[in-house]
Structures are given as structure tokens and as C-alpha cells.
Amino acid sequence: YIYRCLKNYEQAHFYLKEATNLKPKEPIAYLICGEIFFWQSDYEGAIFILQKSIDYKAKINNLHIILGNSFLFNKFYYFACDCYNFALKNNLDNYLCFKNNACSYEKRYKYLEALNMLDKLLNINKDDSLILCYYGEILCNMNQY
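For the sequence shown, the UniProt record's numbering begins at 1 and goes up steadily by one.
Take these hints with a grain of salt, some might be off.
As the list claims (entries may be wrong) - Straight-line Cα separation of at most 30 Å, BS3-like style, residue types lysine-lysine; simulated pairs:
| no. | residue 1 | residue 2 |
| --- | --- | --- |
| 1 | Lys107 | Lys17 |
| 2 | Lys89 | Lys59 |
| 3 | Lys99 | Lys17 |
| 4 | Lys99 | Lys126 |
In short, the hints are calculated from the structure, not lab data.
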């Protein structure tokens with residue numbers, strides 16, 4: 001964990017490999033490893049490892065957000081939405097999660113769902129001009145001038 005914080009990813013991967021060899025079903029080691037892959041922009045590696053963390057019953061909400069972001073950056077929008085929706089069940093006010101979920105819905109042409117996410121964002125911060133612009137852009141895509 002310390003090597004991850006210091007951005008010494010090579011050393012972190014080394015110790016995480018040792019940790020997973022010693023305790024192969026310990027989900028936190030896979031989560032940290034998946035985070036590192038994410039920060040290295042290796043989204044496919046992050047998805048693979050983070051899925052293992054879920055398989056071993058990790059109960060960390062941030063895991064689903066990082067996995068959703070990895071799916072989003074890999075253009076797997078359907079899976080990204082699933083991850084964000086799961087994360088939102090446990091944390092109803094996660095601003096970034098709402099925003100990325102709206103983006104995922106918009107990329108899938110699910111405009112009403114995207115607007116629903118943006119409505120929830122506006123309930124958190126009604127003065128966010130970027131959200132209002134994005135809202136207008138989606139309405140334009142729907143031909144709702």
C-alpha cells in the first residue's frame with residue numbers, strides 16, 4: 001500500500017504478488033493491485049484484477065467505482081453503468097459516480113437515464129454550470145429544444 005501511495009508501482013506489484021501468493025483469497029490485495037493498474041492506464045488489467053477482488057467478496061464501495069471507471073475508459077458502457085449503479089446503492093450522494101454514470105448512459109443513447117442521473121447531480125449542487133451544459137447537450141441530442 002505504501003509503495004502505491006509513493007507511486008512506486010513496480011515495487012508495489014512485487015509485494016502484492018507476494019501477498020496474493022500467501023493469501024490467494026484476500027480481496028484487498030487484488031483491490032490495491034487493480035487500483036495500480038487503473039492509475040497506470042491499464043484498464044483491461046484493472047478490470048481483470050478488480051473482478052477477482054469482487055469474486056473474493058470484497059465489501060469496498062470504491063472498488064465498484066474504480067471498476068466502473070475502467071469499463072468506461074474501455075468503452076464498455078453497459079458494464080460501467082452496472083458498477084456505478086451498484087456503488088450508488090451504498091452511497092447515494094457520490095457526485096463522481098452520478099456524473100460518470102450519466103456519461104455511460106449518454107454513450108449508450110439512454111438519454112432519459114442520463115438526464116435522471118443529471119437531475120440527481122443538480123439536487124446535490126444546483127449551481128453546477130457544467131452539469132447544466134451537459135443537460136442541455138443531452139436534450140439537444142433528443143431533439144428537445
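List of violated hint numbers, smallest to largest: 1, 3
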